[in-house]
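Working from the sequences, and respecting the hints, build out all of it.
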Amino acid sequence: MAGNLDHAVDYSAGMLMEATHIADWLIIAPIILTIVGGALLLMLREKTKLHGALATLIMGLLVLVDALLLARVLDVGPIAMTMGRWLPPFGITFTVDAFGALMALISGVVALAVCIYSLVEISVTGRRFGFYPLLMLLMTGVTGSFLTGDIFNLYVWFEVMLISSFGLLILGGERIQLDGALKYAILNLLATTLFLIATGLLYGAVGSLNMADISLKLPAVQEAGAPIITIGALYFLAFAMKAAAFPLNFWLPASYHTPNIVVSALFGGILTKVGVYALIRTMILLLPDTRIILSEVIAWVAVFTMIFGALGTLAHNDIRRVFGYLVISGIGPMLVGVALGSEEAISGAIMYAVHSIIALTGLYLAFGILMRKNGGKYNLSDVGGGYKASDGLSILFLVLAFGIVGLPPFSGFWPKFILVDASIHAGHGWLAFAILFSGFLTTISVGRVWAHAFWRGGPIGTTDGQLGMPLQGLTRSVRSKTYLPVGALVVIVCLIGVFPSPLLSIVQSGTQSLLNPERYVSAVFSAATAQQKAKQAEKAQQPKDHEDTVKGHDTKTEPMKQEGAH
Amino acid sequence: METILSILVGVFFSVSVYLMTSRYLIRIILGIAILGNAVNLTIFTSGRLMREVPPIIPLDAMVPAGPTANPLPQALILTAIVISFSFLAFLLVLVYRAYQELGTDDAVEMRVAEPADEDLPPVSF
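If you read the sequences in order, they're chains A and B. Per our numbering, the very first residue in the first sequence carries number 1; after that it's consecutive. Per our numbering, the very first residue in the second sequence carries number 1; after that it's consecutive.
One thing to keep in mind: the hints can contain errors.
[Unchecked claim] Pairwise CB distance ranges (calculated): (1) Ala23(A) - Gln74(B): 34 to 42 Å; (2) Tyr99(B) - Val478(A): 35 to 43 Å; (3) Pro502(A) - Tyr99(B): 50 to 58 Å; (4) Asp117(B) - Phe250(A): 14 to 22 Å.
[Unchecked claim] EDC-like, lysine to aspartate or glutamate: derived pairs with alpha carbons at most 16 Å apart: (5) Lys183(A) - Glu109(B); (6) Lys377(A) - Asp318(A); (7) Lys217(A) - Asp289(A); (8) Lys377(A) - Asp119(B); (9) Lys183(A) - Glu114(B); (10) Lys217(A) - Glu518(A).
Hints listed in this document are in silico derivations from the structure and should not be mistaken for laboratory results. Idealized CB from N, CA, C, for every residue including glycine.
Following this line, the structure appears as structure tokens:
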């Protein structure tokens, strides 16, 4: 087996001596915050009264830290931090560019809104079962997925996210939840296993797990005949399943309507977008050639996702399931962005993801308020009289609904506009048509929800104008804790709609680092290059004739000497 | 050696896919358990197999003497084993609870979340 020595590795060249810059500790601050918060809440499991306030505080801090991180990334470009003392190709690296930081910030904002809303929605039982620790750990997984720069580490964060989401999904232990959770659990586990298979094969082909390193090494490996296209297709399959793209979406409508409405809101907003994030990251940054080959497949998947999702919204009576199909339908435009792959299209996809997280969570939460008022009814035939009971709520709901379907002047308009424009520029008018057509269908659908829930006087069977049953008023403290998060999300939806340019410039900076990964890559290797420079300077001081003989030996032992000195 | 393991991986994958196409949850769970092992063996095999040169550092040295086998695939598999094992435990409990509550382990008969006789949405408006 002597030939196998070719595959041997020499790790001693990889010792990291440079400490991470103190400002760059911001990278892992969100994860430390949420994981410590989750542990803290678990320790306080006897004192569930404290849970709500503490969790809200930690989520508030998380938003703050994410915002600081985004500001730092926009200021100095992509930043990286390597765990332990191994240089990037060996150690686990956290790498943040504007795309990852933006997604982390937006999901932090949404999680804060959900956390405030949950103060009234989650009962004592829910707290005892550990709603808040699970919420914290879910956010750990989500934020970790956005911030990591290591593909195996991404798998680990996916699993952290997945196991917390299982816990949240079956929190009440009702029959319907067990049924929904089974389908969700098995299919999602299958998707992450596919992801792991692809990662194993990629490691076998490239010999590295660091995303920046892979993107550097991949062209040479591909030339040597490694089955990169197969690996890319596996990644696409796994992440499309995570993102609930068309033929792989059936776990979502089976499960997302079963848990508490705050859990649905969080899942509908964030979880599928993590799949989209991973898809964009792998397809655009890691495997650009595979994306070009698969682009037609991705485009068709996108079209079917949009149209079938939109038809699903029209076919269901349960409003929560209508929203579930809205989530699916909203995945399509982001896939269009991936399929086209131009700078404009990717910007559109990222902006759509940001908008979709905010607007969908808001929509679920706004419907949650209506459900509180009408005593938990969620079928289109049983709701009604919302406008009479609360005109404010009906307007908030309408704004979010228009935002989702992409009507101006709300947040959904700009990303859809950009994507339609990009499709036409790329000569794919049918993609633009699909986006607009699915927008039309979902407009009918959310319009119908609004008309039934708010506009008409009462449910089916009652004389119009008369309430079938009086809607309950909410107490002052319940009102403040439910309307505040929904109102805040509506404000964001309107702001993005009216002033899209600040968000657009952040998104474009994220797109830049995906398409031109030089800065992303150099951020990862900056510690390494700094070390190499130091070494070169050291060598320059040595007598010149020594240089060649010392060279091979030098890289191997020198870091070790330094370590021995520590 | 790699050929034998590759064949084993293939067998594992086919068995797990066959089991997962069943409609009975307990078979699906068994399929997932085998799938986890198939994936771990895949990582192990694609990380290249070497027996003769363990990555062990001699007592009096700071670095391993000469090139060694790559320990990283084993670290990866260790992580993957822990994760797939814990998920299997969770799924077993979930399936058992579902069997208690729903009285069946036939996935096709489980229609609580998606009832077959669901009302159509109203056609007014």
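Going down the list of hints, with the structure as the test:
no., hint, verdict
1, Ala23(A) - Gln74(B): 34 to 42 Å, "holds, 36 Å"
2, Tyr99(B) - Val478(A): 35 to 43 Å, "holds, 38 Å"
3, Pro502(A) - Tyr99(B): 50 to 58 Å, "holds, 53 Å"
4, Asp117(B) - Phe250(A): 14 to 22 Å, "holds, 19 Å"
5, Lys183(A) - Glu109(B), "holds, 13 Å"
6, Lys377(A) - Asp318(A), "holds, 9 Å"
7, Lys217(A) - Asp289(A), "holds, 13 Å"
8, Lys377(A) - Asp119(B), "holds, 14 Å"
9, Lys183(A) - Glu114(B), "holds, 11 Å"
10, Lys217(A) - Glu518(A), "holds, 13 Å"
In this structure, every one of the numbered hints holds.
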